[in-house]
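Protein sequences, first through last, are from chains G, B and Y. First residue of the first sequence? That's 86 in the numbering used here, and the numbers climb one at a time after it. First residue of the second sequence? That's 929 in the numbering used here, and the numbers climb one at a time after it. First residue of the third sequence? That's 786 in the numbering used here, and the numbers climb one at a time after it.
Since the hints were derived computationally from the structure, they do not count as laboratory data. For glycine and all other residues, C-beta sits at the position ideal for the given N, C-alpha and C. Just to be clear, a hint being listed does not mean it is correct.
Stated by the list, open to error - Straight-line distance between alpha carbons at most 30 Å, and here's what the computed DSS-like set of lysine-lysine pairs gives: (1) G:Lys93 to Y:Lys855; (2) Y:Lys809 to Y:Lys1032; (3) Y:Lys1032 to Y:Lys799; (4) Y:Lys855 to Y:Lys809; (5) G:Lys296 to Y:Lys846; (6) G:Lys422 to Y:Lys937; (7) G:Lys413 to Y:Lys799; (8) Y:Lys809 to Y:Lys866; (9) G:Lys402 to G:Lys93; (10) Y:Lys857 to B:Lys1234; (11) Y:Lys937 to G:Lys296; (12) B:Lys1234 to Y:Lys809; (13) Y:Lys799 to G:Lys296; (14) Y:Lys866 to Y:Lys855; (15) Y:Lys846 to B:Lys1234; (16) Y:Lys937 to G:Lys101; (17) Y:Lys902 to Y:Lys857; (18) Y:Lys846 to Y:Lys866; (19) Y:Lys937 to B:Lys1234; (20) G:Lys296 to G:Lys101; (21) B:Lys1234 to G:Lys296; (22) G:Lys402 to Y:Lys937; (23) Y:Lys1032 to Y:Lys866; (24) Y:Lys855 to G:Lys296; (25) Y:Lys986 to Y:Lys857.
To be verified - Per label pair, the in silico range of CB-to-CB distance: (26) G:Pro220 to B:Met1135: 38 to 46 Å; (27) G:Ala382 to B:Ile1014: 30 to 38 Å; (28) Y:His851 to B:Phe1108: 41 to 49 Å; (29) Y:Pro982 to G:Gly129: 52 to 60 Å; (30) B:Val961 to G:Met336: 47 to 55 Å; (31) Y:Asp916 to G:Gly279: 36 to 44 Å; (32) Y:Pro982 to G:Pro220: 52 to 60 Å.
Stated by the list, open to error - Output of the computed footprint for chain B on chain G, the stretches with three or more beta carbons under 8 Å from beta carbons of chain B: (33) 224-236; (34) 261-269; (35) 344-352.
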Amino acid sequence: MDKQSMRKERIDRGLKVRTEGIYAISSSREILYLLGPRLLLIGGIILLPFILELAPYWKRVVNIMCVYALLALSFDFLANYVGLVCLGGSFFTGVGGYLTAIFNVNLGLPIYLSIPLATVGGAVLCTALLLPCLPLRGVYFAIITLMYPLLLTRVIEALDILGGTNGITGLDSFPNGYVEQYAIIIMMLVFLFGMRRFVNQDIGLVLRGVKDNDQSVRASGINVTHMKLLAVFVASFIGCFSGAYVAHLYMWAGISLFALDFSIIPIASVVIGGGGTLVGALIGSFILVPLSEILRAFGSFRIVIYCAVLTGFIVFKSEGIMVYLQRKYHQFERWVKV
Amino acid sequence: MSEKGWPGHPPQWVELCWWRGQREPLKIKGADVEILIYGIINSITLSLLSLGFALVYSISRVPNFAHGALYIMAGYITWLFLNKFIAFPYPFAIVLAIALTGIIGALMYRFILIRIRGMEISEIIATYAIGLAILEGLRWGGLRGMTFTLPPFVAGSVKIFGANIDYQRIIIVGSGILIFVLLYLFTHFNKIGLALRGIAQDERAAMMLGIDSDMTAIISLAIGSGLAGFAAVLLLPLGSIIVEAGYNVLIFAIAVCVIGGLGSWGGTVVASFIIGFAQILTEAFLSSHYQMVVALLAIIITLLIKPSGIFGKQKELEERV
Amino acid sequence: MGEGMSAEPVLSIKGISKTFGGLKALSDVSFDIQQGDVFGIIGPNGSGKTTLINCITGFIKPGSGHVFFKGKEITAWQPHKIAHVGIARTFQIMRPYYSLPAYKNLIIPLWSPRARKTGGWRGGGKHGDRDTVAVDILEEIGFERDSRVPYKFASALPTGYLKRLELARCMALRPEIIFCDEVFSGLSMSEIAGMLPLIEKMKTEGITLIMVEHRLRELFRVAGRVMALNFGEKIVEGEPNFVIEDKRVREAYLGSEEV
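Looking at chain G on its own, in the form it has when it is part of the complex (with noise of 0.2 Å):
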């Protein structure tokens, strides 16, 4: 093949042609081109626990899996969705761990009010926190989300506040297992296909214009501000509530609720899984957080680890796994003559 006189072509498969608009009901081809993939991820998810009966342990590691991929999605919402890059995810943990405790601990209230009062007061309180920094470039909201964990660390275990370094221990376990299991199972697709509605609703393309530009929102007559606002109320809602499952999951509310895990698996799993497109996070988080176990052994070598790849990935601007199986599901490619 000369490619001199060839180059490579990028169509849209048939498949996809022929499954948009109201032809995506005309028969069960089209039909399952669309729905297989969600399908298969969320039959695959919810099977999983069932699968691993035999292996205990890594079905705690898939509860942690969910975790994190809550935590990821709430990062690629933020970063690819709205433009504002959250380098401190254990932020909203933190903040939502002890948050649960408190509300657990100190004031007593049972595990299926503290966590929901723990998310959304969690998610008023970040949010709050990091007001100042949001009529600001984006940079400084980096700086800042960066900032308050590894600050938080330190005002907690210099005032001895909180619990100190020991923490607050004592929490309410879940009721069972099953439930401990399936909480965040379907919660993390609950989120994932609820953000998926909401970025293509009116208001969530209005968070995605703020991205693209915006001083062209501002001059459509937004206040830009009051939607970053909006899109961190999201992002933390999200993330509070995965750090409310972390404290129950293991009874303890302390400073590792902050620590660095946190923050950096949460954007590898989304450059490695396919920034922008949300069900990327998951993926990345699905392989990272796995690696991570078999992994333990070399104890904090793993973080030099993901912070290379993640770096090779984000200089050698590589798309990320998503967008390319998405590439190669919807489009085919071909050499043609010029």
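Given the coordinates of chain G, assemble chains B and Y onto it according to the supplied hints.
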């Protein structure tokens, strides 16, 4: 991840005021002279830490989140030269460590950051990831516990106006002032330094005059990392080389730069004096536990009142229309 | 045109000045605009035309001076508030929402509080109907309804369509005043010919247009009054033919397009 000792869980270092090492927290008796002297020392310390970050950002617009990592790495390299390669005398080890850190910073730009230049978000994530990789790599490689120390340049202390001051601290203040003067002279009288200042003021205009922005970025990262190393070899003798200090240095450097105004060198110095004295005053009158709170409050107040910082330019904050 | 001597000007600019560092971008610029005018602003590059628009619409804080809209002072208001009271603007350097299709670009202005208050263009602003309204607006602008064009991603559209998209974005707000920053630049003769009816239509809808332009021939066909700037100062204001005959304007433009 399923036990309490997660990577990142810091040891009991907070009681030990990270740069003061194993000594007890300063018990300042409230004497004015002591507050003044320690205030100055603290301020110069902070400005030494922050200047590297401020320089890199103002010249190349790259927020170097690996700043803290380079700091610790410089200290570790010095330690290696002193303890593993025993042949090296102390001054030689110091100079070598600073030079190496500078080179590593420049290489970091040349091979990694240059490809994502201009994409702020990617730059932030990449430098953050590199810094994290360095710090956690050092932790995995054995940098744990309090045993890694560097000897002070001159042991002993002297009484000044009734306060006991180590010679090392005096050297810190002296070196700090010296480096400010050198930097000032460099950027006002040397051709390369003037080019750096030109790029810092207006990148496009400087490029039109033939100043290569990639070259200046490499130089600025080399100097910035070198400054981080310089601060490290001066300050680490006061305590021990621990990975946590890397994160703290990053926090303080960013805090000082945000308060002084990202991109303003004068602002960095002024802000470090403000925070420096604020910390000493809280330590004298409240307790030493509040130093981090001071940093946090200072950032929040700055963002609420004048987000661009003390000497920051407001137009830097928003995109060009 | 030329009337409204006793009517209050809809937009009144008094003594706007702006200095950037050592550069005086605007010096004491003042003018009044009546309702329904088509007002042209001309001047060589660097004369401060875009800075003037930015100062009036709130994207830059003027160093000194006042802006009055229908008698109310709006100087240094935030851009979204100014857009909310009915002053829309286009951007010289166009950046549509690249990640969205063309008609979805209009959802953003249609979602704004002003569009919701005024019912959107042609009253179709019910919630959930925005897609239909968006496609309607695009059809008014000249996007062929039945083709794929409104549904293409904004990144795939040529300049002519993008310019019209910018205007559509403004019109979706149902504004009273539109600042057009060089809408004719970069367009071919046929594309401009396509835009002129659009401007006529906006005139009949009663929208006041303020157009910054380099293409004087096309501008003079629509403008009622014209103001010339040079080095940030207003040099002359009046009817187009009067302005272009002025010696100072010719000197300012020496070397650029002649009418």
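Evaluated hints:
Simply put, Lys93 of chain G and Lys855 of chain Y have alpha-carbon atoms about 59 Å apart, too far for the 30 Å limit, and the pair is violated. With a CA separation close to 23 Å, the supplied pair Lys809 of chain Y and Lys1032 of chain Y stays within the 30 Å bound. Our distance criterion of 30 Å between C-alpha atoms is met by Lys1032 of chain Y and Lys799 of chain Y, whose separation comes to about 25 Å. Our distance criterion of 30 Å between C-alpha atoms is met by Lys855 of chain Y and Lys809 of chain Y, whose separation comes to about 28 Å.
For a cut-off of 30 Å, the pair hint linking Lys296 of chain G to Lys846 of chain Y stands: about 24 Å separates their Cα positions. Proximity of Lys422 of chain G to Lys937 of chain Y is assessed by CA-CA distance (about 26 Å); at most 30 Å being required, the pair is judged to hold. Under the criterion of a C-alpha separation no larger than 30 Å, the hint pairing Lys413 of chain G with Lys799 of chain Y is inconsistent with the structure, at around 60 Å. A threshold of 30 Å between alpha carbons decides the hint, and for Lys809 of chain Y with Lys866 of chain Y the separation of about 27 Å falls inside it, so the pair holds.
This hinted pair checks out: Lys402 of chain G and Lys93 of chain G have alpha carbons roughly 20 Å apart, not beyond 30 Å. Under the criterion of a C-alpha separation no larger than 30 Å, the hint pairing Lys857 of chain Y with Lys1234 of chain B is consistent with the structure, at around 29 Å. Between Lys937 of chain Y and Lys296 of chain G, the direct Cα distance comes to roughly 19 Å. Compliance with the 30 Å bound is thereby established for this hinted pair. Restraint check: the Cα-Cα separation between Lys1234 of chain B and Lys809 of chain Y comes to about 26 Å, which is no more than 30 Å; the hinted pair holds.
Between Lys799 of chain Y and Lys296 of chain G, the direct Cα distance comes to roughly 35 Å. Violation of the 30 Å bound is thereby established for this hinted pair. Pair hint Lys866 of chain Y plus Lys855 of chain Y holds up; C-alpha atoms about 15 Å apart against a cutoff of 30 Å. For the suggested pair Lys846 of chain Y and Lys1234 of chain B, the alpha carbons sit about 16 Å apart, so the restraint of at most 30 Å is met. With a CA separation close to 16 Å, the supplied pair Lys937 of chain Y and Lys101 of chain G stays within the 30 Å bound.
Between Lys902 of chain Y and Lys857 of chain Y the CA atoms are separated by roughly 20 Å; this keeps the pair inside 30 Å, and the hint holds. The straight-line distance between the Cα atoms of Lys846 of chain Y and Lys866 of chain Y is roughly 14 Å, inside the 30 Å bound, and the hint therefore holds. For the hint pairing Lys937 of chain Y with Lys1234 of chain B, the CA-to-CA distance comes to about 43 Å; that exceeds 30 Å, so the pair is violated. A threshold of 30 Å between alpha carbons decides the hint, and for Lys296 of chain G with Lys101 of chain G the separation of about 28 Å falls inside it, so the pair holds.
Of the pairs offered as hints, the one joining Lys1234 of chain B and Lys296 of chain G holds, with about 24 Å between alpha carbons and a cut-off of 30 Å not exceeded. Of the supplied pair hints, the one linking Lys402 of chain G and Lys937 of chain Y holds, its CA atoms being roughly 25 Å apart against a limit of 30 Å. Taking the CA atoms of Lys1032 of chain Y and Lys866 of chain Y, the gap is about 40 Å. The hint is violated against a cut of 30 Å. Between Lys855 of chain Y and Lys296 of chain G the CA atoms are separated by roughly 33 Å; this puts the pair beyond 30 Å, and the hint is violated.
For the proposed pair Lys986 of chain Y and Lys857 of chain Y, the alpha carbon gap of about 28 Å is at most 30 Å, so the pair holds. At roughly 30 Å, the beta carbons of Pro220 of chain G and Met1135 of chain B sit outside the given window of 38 to 46 Å. At roughly 33 Å, the beta-carbon separation of Ala382 of chain G and Ile1014 of chain B lies within the given 30 to 38 Å, and the hint holds. A C-beta distance of roughly 45 Å is found between His851 of chain Y and Phe1108 of chain B, which places it inside the suggested range of 41 to 49 Å.
Range check, Pro982 of chain Y to Gly129 of chain G: about 56 Å between beta-carbon atoms, so the 52 to 60 Å window is met. Distance hint check for Val961 of chain B and Met336 of chain G: the Cβ-Cβ separation is about 52 Å, which falls inside the suggested range of 47 to 55 Å. A C-beta distance of roughly 21 Å is found between Asp916 of chain Y and Gly279 of chain G, which places it outside the suggested range of 36 to 44 Å. In this structure the supplied range 52 to 60 Å is violated for Pro982 of chain Y paired with Pro220 of chain G, their Cβ-Cβ distance being about 40 Å.
Counting residues of the region 224-236 of chain G whose C-beta sits closer than 8 Å to any C-beta of chain B gives 9, which meets the bar of three, so the coverage hint holds. Given a C-beta distance limit of less than 8 Å, the hint that chain B covers the region 261-269 of chain G is violated, as 0 residues qualify and 3 are needed. Residue count for the region 344-352 of chain G with a Cβ under 8 Å from a Cβ of chain B: 5. That meets the three needed, and the coverage hint holds.
Violated hints for the displayed structure, listed by number in ascending order: 1, 7, 13, 19, 23, 24, 26, 31, 32 and 34.
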